[in-house]
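Visitor: Here are the chains, one letter per residue:
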Amino acid sequence: MSVEKFTRQFLQADEEGRLETQDGSLASESGVEGLESRVCCGCSCLCDDISYQMRQGQVVRSLNLCQVGRKRLQDASAARQGADSGLTEGLLEDSLDKAAQILRTHGPVLFVGAEFLDEEAQQASVRLAKALGGIWVPWAFEAVRRFHQVACKMGWAAALLDDVRDHAEVVIFWRCDPLVTHHRHLSRYSFFARGRFTERGHHDRTLAAVGEKGCRIERLCKQFLDVPPDQDRALAESLRRGRAQEGFAHRDFDGIRKACEQGVYIAIFVDPEAVDPGTLETIFLWAAETNQAGGSRRVVILPLYRTGPNLEGFCQVSTAACGAPWGADFSEAAGRSIQRDWQELAAQGGCVFLLYPAGREESRPLPATIAGKPSIVLDPFSPSRADLLDVTIQVELGGLGAEGVFFRADGVPLRASGLPGLPRFGLKSAAEVLESLFTRIL
Amino acid sequence: MKRARSIYEIYEHLPKTNCGQCGTHCMGFAGYLLARDVRPADCPGLSDPAFAESRRVLEEMLGSGVKNERTGLIVYDDRCIGCGICVSVCPVHSVDHREVAVGKGPRFGDGAVIEIVDGRVRLARPERCNRAIPSAPPCKACADFCPTDAMELV
Chain V
55 MSVEKFTRQF
65 LQADEEGRLE
75 TQDGSLASES
85 GVEGLESRVC
95 CGCSCLCDDI
105 SYQMRQGQVV
115 RSLNLCQVGR
125 KRLQDASAAR
135 QGADSGLTEG
145 LLEDSLDKAA
155 QILRTHGPVL
165 FVGAEFLDEE
175 AQQASVRLAK
185 ALGGIWVPWA
195 FEAVRRFHQV
205 ACKMGWAAAL
215 LDDVRDHAEV
225 VIFWRCDPLV
235 THHRHLSRYS
245 FFARGRFTER
255 GHHDRTLAAV
265 GEKGCRIERL
275 CKQFLDVPPD
285 QDRALAESLR
295 RGRAQEGFAH
305 RDFDGIRKAC
315 EQGVYIAIFV
325 DPEAVDPGTL
335 ETIFLWAAET
345 NQAGGSRRVV
355 ILPLYRTGPN
365 LEGFCQVSTA
375 ACGAPWGADF
385 SEAAGRSIQR
395 DWQELAAQGG
405 CVFLLYPAGR
415 EESRPLPATI
425 AGKPSIVLDP
435 FSPSRADLLD
445 VTIQVELGGL
455 GAEGVFFRAD
465 GVPLRASGLP
475 GLPRFGLKSA
485 AEVLESLFTR
495 IL
Chain P
1175 MKRARSIYEI
1185 YEHLPKTNCG
1195 QCGTHCMGFA
1205 GYLLARDVRP
1215 ADCPGLSDPA
1225 FAESRRVLEE
1235 MLGSGVKNER
1245 TGLIVYDDRC
1255 IGCGICVSVC
1265 PVHSVDHREV
1275 AVGKGPRFGD
1285 GAVIEIVDGR
1295 VRLARPERCN
1305 RAIPSAPPCK
1315 ACADFCPTDA
1325 MELV
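One line per chain: the protein sequences are V and P, in this order. The number in the working numbering is simply the position in the first sequence, starting from 1, with 54 added. The number in the working numbering is simply the position in the second sequence, starting from 1, with 1174 added.
Only chain P is shown next, with the shape it has when bound in the complex (with noise of 0.2 Å):
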């Protein structure tokens, strides 16, 4: 299943009632879904039996990863393969770990933003990525080289 990339793609599935009863209507919904601040089961709209195939699939598109809400950044742990190229592109090892830049994955206390543990990426360091610093430049390199969607920024 593709995961959603506009808003559009999810209002596109939602019963478009504008009933109010989630606190706003239904394309303000669907953008708070997009940044995952909601889940689909908040909308008492898609409770109802004639939506629940709707409902199953706004589940799918935005998958069950859970939102660092420093970063913005959400790890779908099934499709992760460690392969470390997360790890590889972060702006933030490039100038702190010159052997994670040349390719030597970082070991324990070093400090990395993102560390493969156990097989899988994990967001070890929100403080230090450069999406928690709010004077930094947007950086979106991990996830835009991620082979298999394992990772995504909203």
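With the rest of the complex left out, here is chain V (with noise of 0.2 Å):
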């Protein structure tokens, strides 16, 4: 019996997960194994609920994976058949000669991406970055400084997801679009699902969205505000004022400004790179006037930025590194925290080390500065390669070959435990990769 015929019957779960039909037989003689409350790595949205059924080794069925998660996977086990040829061992030694080479002889070091490593291999690249004098930076180098800043300035409004979950009865996304970038984010937190107290889901929701007429999200909205960006922050101080300013007119906006002030609890879902620092400071301005008049009513805002399931480790390890969490410049002895804009930095590097391949849908294309730079790629995509000025390792892809610690973009640590009974084929996981080349430098 093939496989696909057996999973289309009915299956039964035991108590402990495992998969058995209705006769007891079938299962043990395909050799399936299920698998439950996995975390996917694909994006911040971090779903510890995907199910997995593996056979001899493979995983051949995937249950609650989106498209973003799914072609994670698929890619990853397309790059794992490459590694399956018993040439990885040597391979990989090559590769991390030539790399300890490359970054002990073309410095300052440029470590990008590390927002998409478990919060160990993030530590490790820390702890390399500050040995070699590099510079250590996200790709959403922008996005999390404006966020930040902006909030220092004018009061964190944080929620956990979960209690966005429970309560909110306003939910906004600012030049955001979770069904492009997080796709799973309206049904497991935000929109649809019920909470403690919206127990009727987007029954007791209203949902809104500033952006571009034609994304996704603009059909589940109730109100939908195509305003061009220029105008972003009338519309900001409208709302925060409750009544349209000079100016600044939309058929929306009595609508969104009605379900403001009857809301007890506004979320307001903001992506920072899309959203200029002016109008940043006044949704958290009317978050402050709200949170602070006393009362039951509440305005929280939570980033949802584009790159990097793991951003928020990136924050707390980079803080912790140099006080600031958009990274850190090792150049001096003590890190300290990066003033300077993306290209400059990109400019300075003598070499470039990717912590994640760039070009994904996730991460982002190399800028111009760095194109023809030596570089370093933690890749699990591609299998390894070891030219003179460029080396790719293939490293196990966290959540999957690889556990480790992310965090949820609330703060919240998940941990990935990846799928036991997949083989390993000889790849590392980026820590132990990290690990490897420090060893090496020093």
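FYI, nobody ran anything at the bench for these hints, they're computed from the structure. Just to be clear, a hint being listed does not mean it is correct.
Result set (SDA-like, lysine to any residue): computed pairs, CA atoms no more than 20 Å apart in a straight line [said to hold, decoys possible]:
hint : chain 1 : residue 1 : chain 2 : residue 2
1    : P       : LYS1314   : V       : ASP258
2    : V       : LYS207    : V       : GLN370
3    : P       : LYS1314   : V       : GLY255
4    : V       : LYS312    : V       : GLY296
5    : P       : LYS1190   : P       : VAL1231
6    : V       : LYS125    : P       : ASP1251
7    : P       : LYS1314   : P       : ARG1244
8    : V       : LYS276    : P       : ALA1317
9    : V       : LYS125    : P       : ARG1294
10   : V       : LYS267    : P       : ASP1323
11   : P       : LYS1241   : P       : ARG1299
12   : V       : LYS125    : P       : THR1322
13   : V       : LYS125    : P       : HIS1187
14   : V       : LYS276    : P       : ASP1251
15   : P       : LYS1241   : P       : PRO1300
16   : V       : LYS276    : P       : ALA1315
17   : V       : LYS125    : P       : TYR1250
18   : V       : LYS427    : V       : ASP395
19   : P       : LYS1314   : V       : ARG254
20   : P       : LYS1314   : P       : TYR1185
21   : V       : LYS207    : V       : PHE195
22   : V       : LYS125    : V       : SER436
23   : V       : LYS267    : P       : THR1322
24   : V       : LYS207    : V       : ASP231
25   : V       : LYS125    : P       : ARG1253
26   : V       : LYS125    : P       : ASP1292
27   : V       : LYS276    : P       : ASP1323
28   : P       : LYS1314   : V       : PHE195
29   : P       : LYS1314   : V       : LEU274
30   : V       : LYS125    : P       : ARG1296
31   : V       : LYS125    : P       : VAL1291
Here the structure is a predicted model, which is why all the values come from computation and not from measurement.
Please assemble the complex out of the two chains, which come individually in their own frames, going by the hints.
Guide: So this is what it looks like as structure tokens:
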């Protein structure tokens, strides 16, 4: 019987999550093993309800993975076929030697992309950056810096995603579309999920968005404000004051104004990269005034960054290393926060260490200022390669082959425990590779 | 290409000769097309090269999904992003699966009506869908809230 035919039958799980059919016999014959409550590290949703069916060390079926997570799984599985060649260990040693050589001779080193790594690998990359006197930044450098600077200036208005699910009556997505970047966000946390005080889920909530016409979330919104970006601040000011400011008008403004007046708990998800600092400050001011006024009304603001499943973890590690969450400059003995912009940083690097491959949907293309510089890439999706000036080191994909701690956007830690039974083919985790490099260089 | 929402949108692209070779007249055939009981290829008039463009437009409007006879649900795999909104809004899940109601996806063997399998929605147990129960009020929650038009009820 083929696996496909078998999995189409009605399967019942026993208390330990093992699969068996109604006659109890086919599961053992087919050798299919079920794994439940796994964490997907495709985006900062960090969905922890993923189930897999595995057979002979391969994933044959997944449940609750969105297209982002599914593509990640497919690409990593395809790359593993290349690793299953028996040459991985020799290639890995060669790649590590060449990488160490590049790092020693082409300073300063620009480390980019640690937001895709688990906590242990992030710590290892910081240690390496410190030892080499390098610069350690996330792809979302500008977004993180902007959000944190405004929040520190105006006052934080944070909340857990579970809190949003339990309480939010008005949900606003400002210049972000979770149906593009975080597919399951609406169903898991923000709008459709039923909460303790919003027991009817979306029936008890109003969904609004500010963005460009034609985006995916538009058709689900009760109010959709397709204002041009230069009117964002006027809109924020109008919502803060409860009336349209002079020069601002939109047909849906009255609807969102009334919803915000009547709503006791308003959750605003914002893409800090797409919203100018002035607008962000106005939104935070609105939150501060509402939250400090007393009473039960509350406005919370959470970032919805476009890249990195573990950007929150990056922020925590960076803050411990240099006092700021948007990256560290170790060119002097003590790490300090970075005050320059991303392009200037990239131009001053002697070589670049990509902690996650560039150019994928969830990461970024390389800035032009880095093109041509020697590079080292930790890549779960491509086989290892070692040229004179460019090295690719294939690593285990976090949350699939390698386990580690990731932090959700609201700071909740989750352990991605990987898939036992998945053969490693000699691949190492990102943390192991970084530690090996640390040992080689020092 | 926009999905066909009404019988008139489909009728516009038919030959309108009422030749009867399909067993009915053109307006009747348009109704059967909308209900996915027939395909454009079943109309002899559309095989004429003069109607090649009309046939292409109809194929696009109607999509390539297969209808589940019990529920009338058609899933367009190429449009599904695996967002799980359909799983979350299904009224059967809100009653029978508390975890699904609070946002978590079902597990294998939970008996969910709709599941997200390998990144795409799948009608796992049509017999449990409200639409398969003749006495239940008609339900369109999954298709109504699908943000990408990956689900259609006919």
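Visitor: Now tell me if each hint is right for this structure.
Guide: Evaluation of the provided hints:
1. P:LYS1314 / V:ASP258: 19 Å, holds
2. V:LYS207 / V:GLN370: Holds. V:LYS207 to V:GLN370 sits at ~19 Å (cutoff 20 Å).
3. P:LYS1314 / V:GLY255: With a Cα-Cα distance of about 17 Å, the restraint between P:LYS1314 and V:GLY255 holds, given a limit of 20 Å.
4. V:LYS312 / V:GLY296: 8 Å, holds
5. P:LYS1190 / P:VAL1231: Judged against 20 Å, a Cα distance of about 16 Å means the pair holds.
6. V:LYS125 / P:ASP1251: Roughly 14 Å between the alpha carbons, so the hint for V:LYS125 and P:ASP1251 holds.
7. P:LYS1314 / P:ARG1244: 14 Å, holds
8. V:LYS276 / P:ALA1317: 17 Å, holds
9. V:LYS125 / P:ARG1294: 11 Å, holds
10. V:LYS267 / P:ASP1323: 17 Å, holds
11. P:LYS1241 / P:ARG1299: 14 Å, holds
12. V:LYS125 / P:THR1322: This hinted pair holds, its Cα atoms lying about 18 Å apart.
13. V:LYS125 / P:HIS1187: 38 Å, violated
14. V:LYS276 / P:ASP1251: 27 Å, violated
15. P:LYS1241 / P:PRO1300: Since the Cα atoms of P:LYS1241 and P:PRO1300 sit roughly 11 Å apart, the hinted pair holds (cutoff 20 Å).
16. V:LYS276 / P:ALA1315: Cα-Cα ~16 Å, so holds.
17. V:LYS125 / P:TYR1250: Distance ~18 Å between V:LYS125 and P:TYR1250 Cα, so the pair holds.
18. V:LYS427 / V:ASP395: 19 Å, holds
19. P:LYS1314 / V:ARG254: 17 Å, holds
20. P:LYS1314 / P:TYR1185: With Cα atoms ~25 Å apart, P:LYS1314 and P:TYR1185 exceed 20 Å; violated.
21. V:LYS207 / V:PHE195: Satisfied, since the Cα-Cα distance of roughly 18 Å is no more than 20 Å.
22. V:LYS125 / V:SER436: 14 Å, holds
23. V:LYS267 / P:THR1322: 15 Å, holds
24. V:LYS207 / V:ASP231: Cα-Cα ~26 Å, so violated.
25. V:LYS125 / P:ARG1253: It holds: about 15 Å lies between the C-alpha atoms, which stays within 20 Å.
26. V:LYS125 / P:ASP1292: Satisfied, since the Cα-Cα distance of roughly 9 Å is no more than 20 Å.
27. V:LYS276 / P:ASP1323: 18 Å, holds
28. P:LYS1314 / V:PHE195: Roughly 43 Å between the alpha carbons, so the hint for P:LYS1314 and V:PHE195 is violated.
29. P:LYS1314 / V:LEU274: Holds, at roughly 15 Å.
30. V:LYS125 / P:ARG1296: 17 Å, holds
31. V:LYS125 / P:VAL1291: Holds, at roughly 13 Å.
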